[in-house]
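Undergrad: Using the sequences and the hints, build the whole thing.
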Amino acid sequence: MSDPTILVLASLADGEKHGYAIMEDVQGFAGVRLGPGTLYGAITRLEQRGWIRPVDSDDRRRPYRITGAGREYLEAQLASLNQVVKTAMRRLKHA
Amino acid sequence: MRQLIRWMARLYPAAWRERYAAEFDALLEDMRPKWRDLFNVLLGALRMQMATRNYWKFVAFAGLAGALVAGVYALTIQDRYMSTAVVRFTFARLADSDRHGTLDRLARMEREVLSRTSLAALMERPALDLYAEDRKRIPLEDVVENMRKALRINLLEGPNWRATTFEISCMYPDRFKARAVVREVVAKFVEQINTTQRIQAPPAAVTLQLLDPANLPKQPIFPNRVVMVAVGLVGGVVLGLLAVLVRQKLQKA
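These protein sequences, in sequence, are chains A and B.
Each residue of the first sequence is one higher than the last, beginning at 1 in the working numbering.
Each residue of the second sequence is one higher than the last, beginning at 1001 in the working numbering.
FYI, nobody ran anything at the bench for these hints, they're computed from the structure.
Think of the CB as a built atom: it goes at the ideal place given N, C-alpha and C, for glycine as much as any other residue.
It is possible that some hints are incorrect.
Claimed, not checked - Under 8 Å between C-beta atoms, here's a sample of chain A residues computed to sit facing chain B:
| no. | residue |
| --- | --- |
| 1 | Gly15 |
| 2 | Gly19 |
| 3 | Tyr20 |
| 4 | Met23 |
| 5 | Gly35 |
| 6 | Gly37 |
| 7 | Thr38 |
| 8 | Tyr40 |
| 9 | Gly41 |
| 10 | Thr44 |
| 11 | Arg49 |
TA: Here is the structure:
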C-alpha cells in the first residue's frame, strides 16, 4: 500500500493534522516516507476532489480534515483492499 | 538543502504557490530534508505544471530536471587524470628484411609490459599502491584488466620503421600516480630492450629516446561535467516533449 492519496486519507481518519504531522503519522503506521512533493501533490488532489478541507488556522502549519465524501471514498477503497487481502490469504492457506 | 528545496518549490505553478507556499515552507522547516526530497519536489512541480497544462513550462522544467540529475550524477563520478609520454625506438644496423622481426620483437615487449605479472607487480608496489580498494573487493584478474584499459600504448605510425614512436598514457584518479605509472612503463621498456639485446641475435643497436617525458596533468580528462549537464538538459527537454505529446494523444483518445 503506497498510494499517497489513501495514506493521507487514512492519516486524517482519526482527526485533523497538518502536513508534517501527516508525514510522521504515515511513516509510523505504514512505514512509507512521503516526500514533500508527493505529500502536497496528494493534498492538492484531495482538496480539489473535496475529500479533505483545510481547517482555519492562524498558524502557517495549516491542518486538514477529512470530509464526509473523503471518508466514503476511503471506506470504499479499504473494503476493496480488504477483499483482495482476504482472497489472497485464503489462497495462500490452500496452496 | 532546505534552501535548495525552497528554490525548487518556485517551479510550482503560481496559483499553487499562492495557495500552498506558506504551509509548504512550514513543512520544510519542520522536517529534515534529504537529497531525494529535492528530486521529489522537482517531480511534484513538474506534475503540477503538467496538470495545469502549462506545457511549455513543463518542458522547460523537464530540461532543468534533466540538467540537475546529470549534474548531481557528474559530481558523484571520480575525476581521472591522464599522463602521457612519447618514446621513440631507433634500430640501427638493420636490413629491410629485419623489419617484420623487429616489429614482432616490439610487440612482444609491449605484451610483456602489459602482462598480468608485470601489471600486478606495478600496482602492488608500496610507493604506487594502485587500485587498493578494487584489489580488496574484486579478483586480481579483473583489476589487471581495468588497469590495461587505463593504460594505453599506441604506436604512432611513421614512414621509417627503424624509428618507431609510441605514445604511452595512463588514466588514474591520482594525477601523481598517473605520471608515476607512465614513468614506470617507460622504465620497463628500457629494461626489456636491455634484456632483449643481451639474449637475442642479431644484436641490433636499439636506443630509446624520450621525446616527451610523462607530464603531470593539471586538469582531469574525465568526466566532462559541462557536456554531461548539457546532455541531461537536452534529454530532459526531449522527454518533456514526449510526455506532453503522449498526454495530448491520450486526451484526444
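Undergrad: If a hint holds in the structure, say so; if it does not, say that too.
TA: The hints, checked one at a time:
{"no.": "1", "hint": "Gly15", "result": "violated, 18 Å"}
{"no.": "2", "hint": "Gly19", "result": "holds, 4 Å"}
{"no.": "3", "hint": "Tyr20", "result": "holds, 4 Å"}
{"no.": "4", "hint": "Met23", "result": "holds, 7 Å"}
{"no.": "5", "hint": "Gly35", "result": "holds, 3 Å"}
{"no.": "6", "hint": "Gly37", "result": "holds, 3 Å"}
{"no.": "7", "hint": "Thr38", "result": "holds, 6 Å"}
{"no.": "8", "hint": "Tyr40", "result": "holds, 6 Å"}
{"no.": "9", "hint": "Gly41", "result": "holds, 5 Å"}
{"no.": "10", "hint": "Thr44", "result": "holds, 7 Å"}
{"no.": "11", "hint": "Arg49", "result": "violated, 13 Å"}
Violated hints, listed in ascending order, are 1, 11; each of the other numbered hints is respected by the structure.
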